[in-house]
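Participant: As a plain string of letters, each chain reads:
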Amino acid sequence: MAEIQIKNVAKKFGAYQALSDINLTIHDQEFMVLLGASGCGKTTLLRIIAGLETATTGEVWIGGKRVDHLAPKDRGIAMVFQNYAVFPHLTVFENIGFGLRMQKLPNDEVKRRVERTATLMHIEQLLKRYSGELSGGQRQRVAVARALAMEPDVILMDEPLSNLDALLRLEMRAELKGVLAESKTTAIYVTHDQVEAMSLADRISVMHKGKIVQAASPIEVYRNPAAEFVAGFIGNPPMNFLTATPAGDGKWTVAGQVVDGPRLGASQLQFAIRPEDLGPAESGLPATAKVVEPLGAHLLVTCEVDGHSFRAVLDSDLTVKPGDRLTLAPQADRIRWFDPETTLAVA
Amino acid sequence: MSPRILPYLLILPVTLFLCLFFLYPFALVAQQAFSNGAGFTLDNFRDVVTYWKFPISLQNTLLLAAAVVPVQLALALLMATMVSRMERGRDLVLYVWTIPLGISDLAAGIIWLAIFEQSGFLNSMMTGLGLVDQPVNLLSYQNPGMVFLAIALAEIWRATAIMLVIIVAGIGLIPKEYYEAAEVFGASPWKRFLRITLPLLRPSLQTALILRVVLAFEVFAVVAALGGTLFPVLMGEIYAYQFDLQNGRAAAALALIVLAISIAFTLVILRVLRVPKGATI
Ligand SMILES: Nc1ncnc2c1ncn2[C@@H]1O[C@H](COP(=O)(O)OP(=O)(O)OP(=O)(O)O)[C@@H](O)[C@H]1O
Ligand SMILES: [Mg+2]
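Chains as they are written, first to last, in the numbering used here: chain A, 1 to 347; chain B, 1001 to 1281.
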């Protein structure tokens, strides 16, 4: 049982507030992905959980036990470092077996576990090499294997696959998820690759400027972003935004069109719709196509609506040329609304 | 200028300087050692090695090195570890600890003589405390252990800092992330020192040990000040051959023997502390 609870954690580096108000529970055996732009505090949060950094305020609990004062080795965790930290003076074998040696496991057990995790990471033929003789991606897989070999309750991974080619990454990602599910490990996985986040996560925590903006299942984060930042960050191409003004009685004017919306007294709202939730129709948002990019299965059309850049993913059977005038109808149940003051979603 | 020649051209002055003031005198010494005035001979070496003081001075030199260098290595590692953990005042502490480096070895010997001699601090203290009735001559032939101890102490005091600065620089080169990884994977502070610091410090340890061992074989002034003739060492014998016995050929032969010992130890240190290819930081 290894549930992780982070309560009111904040971290300051000097005057710089790197993390604030972090409250997060990661359930036992859950695969939690921390997703956010560079510098938003993902590594810092991971290091606080690992015990390599102390939080300025707040508490960290693992498996029902407060661990703030415990040394990293007493927290039942293993970690994959963003910069790998593969020991240069040890062979790949001894690197992967480092933690096992520290636990004084018998030689044959060390050998068994090292070979198993190395095979899993496709580095079994590199066991005799030193890290200076490895490529970046191979080194990264050594770092992952070293953590997996520990068979920990909790595994913390800081962008563990960032250096692999697309194909290998896809494969490793699937294997990693399988192994961790099988070993009932609680995992926290940092990435800024949203496809990776979507495909791996039980839940995604989206971080922005040292705060967790939303922690929910991938589909929830995608469908119902809690804030404008999440809406713009997740999804490729990102969500479209347009300014809406009240037309009374729960109706809002967007680009000259009247759309059903929330019954609110606000003087302005942000109307948001995903590019794939738009379709050509008789009536809808008037758009002028600017760039047309065929993506095989779809057609990505970047157009102008109400003076704003606006993207639509359309059926590839349609023939659209730059300069064409389109009428794009948003799918009513997929429209989302955000308060421009707080940038948060409104129901 | 061709880029192929330029590097050689740039090191030319240094090379010339070294040839003129190092290789040439060295060749002269070697020539002296192997000649009897008329032609080639090994007699000088035979004479030097069979002289009754050779075994004892060789033994003393090696014994002193064996006693002093490990203690210095341990001390330097301890001090370097402490210094590199300090956040503030680190430079100040380093400066203070390296002060003995700025003192010549003869002066260091004299300082320690002032402590150990019959009218020295140690005797004053012992009589003051009533431990002895009257000052005793600590550094006499009746106290060979005491003489050795005084010399060893003076050497440790004087020359630990040279290892310290090399090791501090070496520790500074080890990235922090390796310690963090080791910590996460269960290594205690002592294990981190053994399994991370020491192996990653091998290049610095090589330099420090070679420098220190070679210097230990050249020990002279400290011994002269504290032990005089009570504790013969190889360098003292070279001095005696050259200036007391006016036998330059024997002095040259003995100097070459010391050189050979130094080279042998250097090779051993290089071999033992070598870093495999691909295993550098
Ligand atoms: N030791 C430190 N001292 C001062 N500031 C720091 C320190 N470590 C991190 N920071 C700052 O805290 C912020 C968050 O850093 P962090 O490494 O957690 O980002 P990240 O989300 O992991 O980014 P990336 O995706 O680029 O790895 C950054 O602005 C960084 O400059
Ligand atoms: Mg990071």
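Just so you know, not all the hints are guaranteed correct.
[Stated by the list, open to error] Distance condition first, Cα-Cα at most 27 Å in a straight line; then the derived BS3-like pairs of lysine-lysine:
hint: 1; chain 1: B; residue 1: K1191; chain 2: A; residue 2: K209
hint: 2; chain 1: A; residue 1: K12; chain 2: B; residue 2: K1277
hint: 3; chain 1: A; residue 1: K290; chain 2: A; residue 2: K209
hint: 4; chain 1: A; residue 1: K209; chain 2: B; residue 2: K1277
hint: 5; chain 1: A; residue 1: K73; chain 2: B; residue 2: K1191
hint: 6; chain 1: A; residue 1: K128; chain 2: B; residue 2: K1191
hint: 7; chain 1: A; residue 1: K104; chain 2: B; residue 2: K1053
hint: 8; chain 1: B; residue 1: K1053; chain 2: A; residue 2: K111
hint: 9; chain 1: A; residue 1: K128; chain 2: A; residue 2: K104
hint: 10; chain 1: A; residue 1: K73; chain 2: B; residue 2: K1277
hint: 11; chain 1: A; residue 1: K12; chain 2: A; residue 2: K111
hint: 12; chain 1: A; residue 1: K65; chain 2: A; residue 2: K128
hint: 13; chain 1: B; residue 1: K1053; chain 2: A; residue 2: K128
hint: 14; chain 1: A; residue 1: K111; chain 2: A; residue 2: K65
[Said to hold, decoys possible] From chain B, some residues computed to sit far from chain A (all C-beta separations above 12 Å):
hint: 15; residue: I1156
hint: 16; residue: S1188
hint: 17; residue: P1232
[Said to hold, decoys possible] Quick look at which bits of chain B chain A covers, simulated, 3 or more residues with Cβ under 8 Å:
hint: 18; segment: 1175-1184
hint: 19; segment: 1196-1203
hint: 20; segment: 1255-1265
For the record, the hints were derived by calculation from the structure and aren't laboratory data. Even glycine gets a Cβ: it sits at the ideal position worked out from N, Cα and C.
Participant: None of the hints should be skipped; say for each whether it holds.
Facilitator: Checked hints:
no., hint, verdict
1, B:K1191 x A:K209, "violated (38 Å)"
2, A:K12 x B:K1277, "violated (42 Å)"
3, A:K290 x A:K209, "violated (33 Å)"
4, A:K209 x B:K1277, "violated (43 Å)"
5, A:K73 x B:K1191, "holds (13 Å)"
6, A:K128 x B:K1191, "holds (23 Å)"
7, A:K104 x B:K1053, "violated (53 Å)"
8, B:K1053 x A:K111, "violated (57 Å)"
9, A:K128 x A:K104, "holds (21 Å)"
10, A:K73 x B:K1277, "violated (31 Å)"
11, A:K12 x A:K111, "violated (42 Å)"
12, A:K65 x A:K128, "violated (39 Å)"
13, B:K1053 x A:K128, "violated (52 Å)"
14, A:K111 x A:K65, "violated (32 Å)"
15, I1156, "holds (29 Å)"
16, S1188, "violated (8 Å)"
17, P1232, "holds (43 Å)"
18, 1175-1184, "holds (count 8)"
19, 1196-1203, "holds (count 4)"
20, 1255-1265, "violated (count 0)"
Going down the numbered hints, you'll see the structure goes against 1, 2, 3, 4, 7, 8, 10, 11, 12, 13, 14, 16, 20, while the others check out.
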